[in-house]
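Protein chains: 2
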Amino acid sequence: MAKIVQCVPNFSEGRDLDKIEKIVDPLRGKEGVKLLNYEADKDYNRVVVTVIGEPEAVKNAVVESICVASELIDMTKHEGQHSRMGATDVVPFIPIKEMSMDEAVELAKSCAKDVWEKHNVPVFLYEKAASKPERENLATVRKGQFEGMSEKLKDPNWHPDFGENKIHPTAGITAVGARMPLIAYNINLDTTNIEIANKIARCIRHSNGGFRFCKAGPVEIPERNIVQVTMNLTDYTKTSMYRVFETVRMEAKRYGVNVMGSEVVGLVPMEAIADTAAYYLGLENFDMDKILETGLME
Amino acid sequence: MAKIVQCVPNFSEGRDLDKIEKIVDPLRGKEGVKLLNYEADKDYNRVVVTVIGEPEAVKNAVVESICVASELIDMTKHEGQHSRMGATDVVPFIPIKEMSMDEAVELAKSCAKDVWEKHNVPVFLYEKAASKPERENLATVRKGQFEGMSEKLKDPNWHPDFGENKIHPTAGITAVGARMPLIAYNINLDTTNIEIANKIARCIRHSNGGFRFCKAGPVEIPERNIVQVTMNLTDYTKTSMYRVFETVRMEAKRYGVNVMGSEVVGLVPMEAIADTAAYYLGLENFDMDKILETGLME
Numbered sequence: 001m002a003k004i005v006q007c008v009p010n011f012s013e014g015r016d017l018d019k020i021e022k023i024v025d026p027l028r029g030k031e032g033v034k035l036l037n038y039e040a041d042k043d044y045n046r047v048v049v050t051v052i053g054e055p056e057a058v059k060n061a062v063v064e065s066i067c068v069a070s071e072l073i074d075m076t077k078h079e080g081q082h083s084r085m086g087a088t089d090v091v092p093f094i095p096i097k098e099m100s101m102d103e104a105v106e107l108a109k110s111c112a113k114d115v116w117e118k119h120n121v122p123v124f125l126y127e128k129a130a131s132k133p134e135r136e137n138l139a140t141v142r143k144g145q146f147e148g149m150s151e152k153l154k155d156p157n158w159h160p161d162f163g164e165n166k167i168h169p170t171a172g173i174t175a176v177g178a179r180m181p182l183i184a185y186n187i188n189l190d191t192t193n194i195e196i197a198n199k200i201a202r203c204i205r206h207s208n209g210g211f212r213f214c215k216a217g218p219v220e221i222p223e224r225n226i227v228q229v230t231m232n233l234t235d236y237t238k239t240s241m242y243r244v245f246e247t248v249r250m251e252a253k254r255y256g257v258n259v260m261g262s263e264v265v266g267l268v269p270m271e272a273i274a275d276t277a278a279y280y281l282g283l284e285n286f287d288m289d290k291i292l293e294t295g296l297m298e
Numbered sequence: 001m002a003k004i005v006q007c008v009p010n011f012s013e014g015r016d017l018d019k020i021e022k023i024v025d026p027l028r029g030k031e032g033v034k035l036l037n038y039e040a041d042k043d044y045n046r047v048v049v050t051v052i053g054e055p056e057a058v059k060n061a062v063v064e065s066i067c068v069a070s071e072l073i074d075m076t077k078h079e080g081q082h083s084r085m086g087a088t089d090v091v092p093f094i095p096i097k098e099m100s101m102d103e104a105v106e107l108a109k110s111c112a113k114d115v116w117e118k119h120n121v122p123v124f125l126y127e128k129a130a131s132k133p134e135r136e137n138l139a140t141v142r143k144g145q146f147e148g149m150s151e152k153l154k155d156p157n158w159h160p161d162f163g164e165n166k167i168h169p170t171a172g173i174t175a176v177g178a179r180m181p182l183i184a185y186n187i188n189l190d191t192t193n194i195e196i197a198n199k200i201a202r203c204i205r206h207s208n209g210g211f212r213f214c215k216a217g218p219v220e221i222p223e224r225n226i227v228q229v230t231m232n233l234t235d236y237t238k239t240s241m242y243r244v245f246e247t248v249r250m251e252a253k254r255y256g257v258n259v260m261g262s263e264v265v266g267l268v269p270m271e272a273i274a275d276t277a278a279y280y281l282g283l284e285n286f287d288m289d290k291i292l293e294t295g296l297m298e
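The listed protein sequences correspond, in order, to chains Y and H. So in this note's numbering, spot 161 of the first sequence is number 161, and the numbers just go up one at a time. So in this note's numbering, spot 269 of the second sequence is number 269, and the numbers just go up one at a time.
With a cut-off of at most 27 Å between alpha-carbon atoms, the simulated BS3-like pairs for lysine-lysine come out as follows: (1) H:Lys-3 - Y:Lys-30; (2) Y:Lys-199 - Y:Lys-238; (3) H:Lys-128 - Y:Lys-290.
Worth flagging that the hints you see were computed from the coordinates, not collected in a lab.
Let the sequences and hints guide you as you build the complete structure.
Here it is, written out as structure tokens:
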């Protein structure tokens with residue numbers, strides 16, 4: 001079976017459609033590379049691109065896009081609501097199929113090396129590719145943002161993983177890493193009481209003693225007269241959708257509140273959905289090879 | 001998105017591996033065509049081939065295989081336990097993705113036309129492609145088998161849909177049709193009492209008042225000290241896996257018997273699995289485009 005990687009580069013341009021098209025263009029029409037979508041946000045002044053395909057081909061195409069971004073985006077003039085430190089701000093590689101996290105980490109390092117050697121943009125490795133624990137968290141890496149990076153790099157603890165001890169004058173510095181696919185998942189509660197959603201979120205999220213790979217918080221949906229527990233599941237192979245769902249249902253009972261349903265925001269890996277069906281049907285000896293479409297992707 | 005069809009031709013050769021390879025060979029290495037597997041059965045003297053891909057390409061490759069089979073297999077010398085009427089016995093086309101049943105029917109008709117015009121093998125259309133109600137059921141169409149077909153074709157009601165009023169002297173006659181993907185699904189009951197499995201099977205199967213697209217029966221699994229309700233779901237879009245599973249659980253309660261789990265035999269379409277997960281999680285606005293891998297198959 002073919003290895004499949006996903007890459008979700010974030011570029012610091014969300015307003016100039018012409019520039020956005022030029023940045024995205026290297027990801028189109030290449031053998032082994034599929035551009036899934038890109039969403040520009042004007043307030044953030046940022047575009048999030050999703051591309052998928054054969055690992056080496058995806059990496060090479062993304063390096064090309066990073067090159068275009070470093071030529072077109074001048075960070076000294078960039079304004080936007082989202083934290084950022086480079087023309088290409090962050091580049092996560094996500095193993096999707098027949099690929100280990102170690103392989104995704106190697107791909108991230110190879111990408112980082114190319115970005116520095118070919119385009120003179122320095123790189124921090126982050127998350128699973130991080131060279132030390134304090135670089136795992138992107139927010140920590142990016143702290144100081146573009147404007148504070150020249151100062152930050154003077155600290156010997158913050159020497160880039162690739163590149164010299166200074167940022168690119170207009171393209172800044174980029175974070176390249178590897179991580180599991182993330183599932184954005186919301187569960188709807190039949191109440192307007194946000195405090196109940198808050199209490200349930202605290203039961204299931206890692207930071208308060210809940211599941212290891214669950215981030216959660218409460219949200220009001222006033223137009224539907226309900227509240228939501230909104231979540232990011234950061235490793236669905238270890239913190240399952242069905243386990244989180246059933247736990248929320250269990251906790252909601254405590255308040256006499258019904259779970260009305262749930263929703264996936266964005267994309268969800270097939271394996272997470274198949275694992276959910278396998279749990280509820282008690283499927284024996286079930287794996288992805290039992291799914292007809294798996295054969296189509298070999 | 002690309003249209004995907006599955007085709008499962010059955011050829012009347014299950015013993016001579018050299019001939020089987022020659023029959024299967026046209027399905028290999030063709031653009032847009034993927035040979036998923038083939039299983040020869042010596043007792044049946046029959047090989048069942050599963051191929052999938054772009055409709056026109058799959059049809060053309062299958063027509064080539066049918067040609068090879070009609071050259072290599074002499075039905076006047078064929079012996080086997082399975083009913084059969086032709087060197088290529090039956091050719092169902094199954095719409096898998098972005099394809100309607102009407103399109104699968106058109107593909108079946110186009111295949112049937114080619115088989116007759118290029119290889120002089122007459123064809124009955126069956127199931128969804130049938131030209132009259134009495135030709136929908138394959139067993140009815142095949143009744144009389146190869147040996148009785150010359151006589152059967154003299155009946156004006158059994159003029160082939162393509163071809164003249166006589167069979168090919170050595171390749172016989174072929175059934176070409178269109179149908180939904182079939183899910184072979186078994187549910188395990190924690191009892192050795194086969195009568196309970198039998199009673200539950202009668203509740204859920206169409207022939208006794210159960211679900212429209214469910215065939216079911218009881219099976220003993222002595223090595224595990226359990227019984228099974230064994231099923232074919234012939235249209236999972238209308239008779240869902242979860243609905244059948246929950247109904248079996250409901251009926252089993254009547255006898256104080258637990259449902260231990262279930263199993264899929266062979267392949268299951270992703271949509272059937274996704275629909276199951278969506279039911280149990282109460283997923284709102286969920287469809288196949290939310291699944292990451294769907295983008296890979298476009």
